[in-house]
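In order, the protein sequence lines correspond to chains A and B. Mapped onto my numbering, the consecutive letters of the first sequence carry residue numbers 9 to 394. Mapped onto my numbering, the consecutive letters of the second sequence carry residue numbers 8 to 167.
No lab work stands behind these hints: they were computed from the structure. Mixed in with the good hints, there may be bad ones.
[Stated by the list, open to error] Cβ-to-Cβ under 10 angstroms is the rule here; a few derived chain B residues that face chain A:
(1) V42
(2) G70
(3) T130
Built from N, CA and C at the ideal position, the CB exists for glycine as well.
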Amino acid sequence: MLRDLLTGFLPEAVADAAVTFLVVFAVINFALVVATMLTFVERRVIGRMQNRIGPNRVGPNGILQAVADLLKLLTKEDIVPRGADRWVFHAAPVLAFAPGLLSLAVIPFAAGWILADLNVGILFIVAVTATTSLSLFMAGWGSNNKYSLYGAMRSVAQLISYEVPMVLALVSVVMLAGSLSLREIVEAQSIPFVLVQPLAFLLFLLATTAEIGRSPFDLPEAESEIVAGYHTEYTGMKFGTFYAAEYLAGFMWSGVIVSLFFAGWKPDLGGPVWWFLKTMAVFFLFIWFRGTLPRLRIDQLLHLAWKVLVPLSLANLLVTGIEVLAYKAILGVAAEAPLPLAGLAAMAVVNIAATVVVLLVLAELLKPKERAAGSAVQGVGVRVGG
Amino acid sequence: MVPVIAFWSLAALAVVGALLVVAVRNVFRAALFLVLSFLAIAGLFLTLHADFLAAAQVLIYVGAISVLLVFGIMLTSDVQRGSPNSSLWLPGLAIAVLLFFVLALAFTQGAWPVAEATPLSPTTGPLAEVLFNRWVLAFEVVSVLLLAAVIGAVAVMRRR
Numbered sequence: 009m010l011r012d013l014l015t016g017f018l019p020e021a022v023a024d025a026a027v028t029f030l031v032v033f034a035v036i037n038f039a040l041v042v043a044t045m046l047t048f049v050e051r052r053v054i055g056r057m058q059n060r061i062g063p064n065r066v067g068p069n070g071i072l073q074a075v076a077d078l079l080k081l082l083t084k085e086d087i088v089p090r091g092a093d094r095w096v097f098h099a100a101p102v103l104a105f106a107p108g109l110l111s112l113a114v115i116p117f118a119a120g121w122i123l124a125d126l127n128v129g130i131l132f133i134v135a136v137t138a139t140t141s142l143s144l145f146m147a148g149w150g151s152n153n154k155y156s157l158y159g160a161m162r163s164v165a166q167l168i169s170y171e172v173p174m175v176l177a178l179v180s181v182v183m184l185a186g187s188l189s190l191r192e193i194v195e196a197q198s199i200p201f202v203l204v205q206p207l208a209f210l211l212f213l214l215a216t217t218a219e220i221g222r223s224p225f226d227l228p229e230a231e232s233e234i235v236a237g238y239h240t241e242y243t244g245m246k247f248g249t250f251y252a253a254e255y256l257a258g259f260m261w262s263g264v265i266v267s268l269f270f271a272g273w274k275p276d277l278g279g280p281v282w283w284f285l286k287t288m289a290v291f292f293l294f295i296w297f298r299g300t301l302p303r304l305r306i307d308q309l310l311h312l313a314w315k316v317l318v319p320l321s322l323a324n325l326l327v328t329g330i331e332v333l334a335y336k337a338i339l340g341v342a343a344e345a346p347l348p349l350a351g352l353a354a355m356a357v358v359n360i361a362a363t364v365v366v367l368l369v370l371a372e373l374l375k376p377k378e379r380a381a382g383s384a385v386q387g388v389g390v391r392v393g394g
Numbered sequence: 008m009v010p011v012i013a014f015w016s017l018a019a020l021a022v023v024g025a026l027l028v029v030a031v032r033n034v035f036r037a038a039l040f041l042v043l044s045f046l047a048i049a050g051l052f053l054t055l056h057a058d059f060l061a062a063a064q065v066l067i068y069v070g071a072i073s074v075l076l077v078f079g080i081m082l083t084s085d086v087q088r089g090s091p092n093s094s095l096w097l098p099g100l101a102i103a104v105l106l107f108f109v110l111a112l113a114f115t116q117g118a119w120p121v122a123e124a125t126p127l128s129p130t131t132g133p134l135a136e137v138l139f140n141r142w143v144l145a146f147e148v149v150s151v152l153l154l155a156a157v158i159g160a161v162a163v164m165r166r167r
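Same shape as in the complex, but just chain A (with noise of 0.2 angstroms):
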């Protein structure tokens, strides 16, 4: 419509251009907006569950607090501490805000709303999140502070250890699927993979929360133990955009999480409200776990992907594996060919028993030796169980 509008006046390449260039314009801002709100939503109802008021001042319910917010960091001195390496410092806050805003290309938000339907579409947010670990060693690097670069490297030791559960959550997926695209595992989802893969769900739910860094995984930037961590000496609105881009980030992996495993913006009501709900539905998800789990130590969050999150993942896609050709072989269907809706079915009814059972051993495997010891990765156990 806008680009026969353009053909009017302005030659085919150009208007072609110029309408690619609109669309990603307002989907980004869009992206900006949702986070920049989603700061204080997180505020409020992590003040409903504290039993607390949360910013309630500006406008009407506080909901102006986010534009006050950005206002002030617009306005704050932008300090370079002595010492610091000051590309580096500068270039680390813009890097971080690549991901999310890449990622959201590959992410349907309805039928045929789509920026790029890559066919490798989910290994492209794969890519280009893991780059955010470098992002912010360039800014704990950067920053010649020791609180900043104790940051870096936690944050740096998080993200590889919970980026190859993720991935191997994620294969099993794939697998159901038989196709990388977002779309096309979108339109394979004829019953959500959730209620297939509830396993692959959760590995994914916890190793996403730890890929943002959100509490209960927020040890890059623990605030009683490092200060802020990597973004310790940012001031202004080069903090601003580290603040923003971590909300992008909760918002992008919402979405790629209602892709992968709530069918997406399916039923199609018309439009990307659908998506959008869901996604608001996860992100609640992420505040909820805030609110409720406190921090692990490193060495608890280490163990916890190496030697619970890492097998069992693996175990699940082994078992995924057998699964699929299984049912296949069964049903009589082509290898290359996506699961039917009778083989997700009984995938479904035996895969949500063998989790449950699972969790229930798992959460009395990882019952606290000594008191004091373990407890919070026992909390995380039971939790998901629950």
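Given the coordinates of chain A, work out where chain B should sit on it, guided by the hints.
Frame of chain A; chain B shown alone:
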């Protein structure tokens, strides 16, 4: 037109990045420029319709190798000024010149055939076919080798 512009700007970015890796004194920045070069090469893969390879390049080189480099750099003594002049500069220079001539010879003398067939559009499936059917033995051998390396590293560390 667009692929040509993309190719030349990405190629320039890769070369400039690689040059700066050598030219910059500060080792940390040198590592960052190396990452820039890796990214440009991922872009080059994209212009060649190798989308899976491009994603893998970003995932492995930008996401993982760079972190390994940075950890290595943190163990070096003087990051700001880089490595001091080495007494091995003469053999180094000789090897560099030799390598340059070999590469130049390969570029000027080699035949550079252009594939007749149009590139495959989704490369992921065919790649898996080849990797897990025809070359499955090589693939498994590499996996075992990597596993041995990991276990070896852990064993070496535990002795301390």
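Do the hints match the structure? See the list:
1. With its C-beta approaching chain A no nearer than about 7 angstroms, V42/B sits inside the 10 angstroms limit, and its interface hint holds.
2. Here the hint on G70/B is kept, as its CB sits about 3 angstroms from the closest CB of chain A, short of 10 angstroms.
3. Because the closest C-beta pair between T130/B and chain A is about 8 angstroms apart, less than 10 angstroms, the hint holds.
Going through the hint list in order, the structure satisfies each hint without exception.
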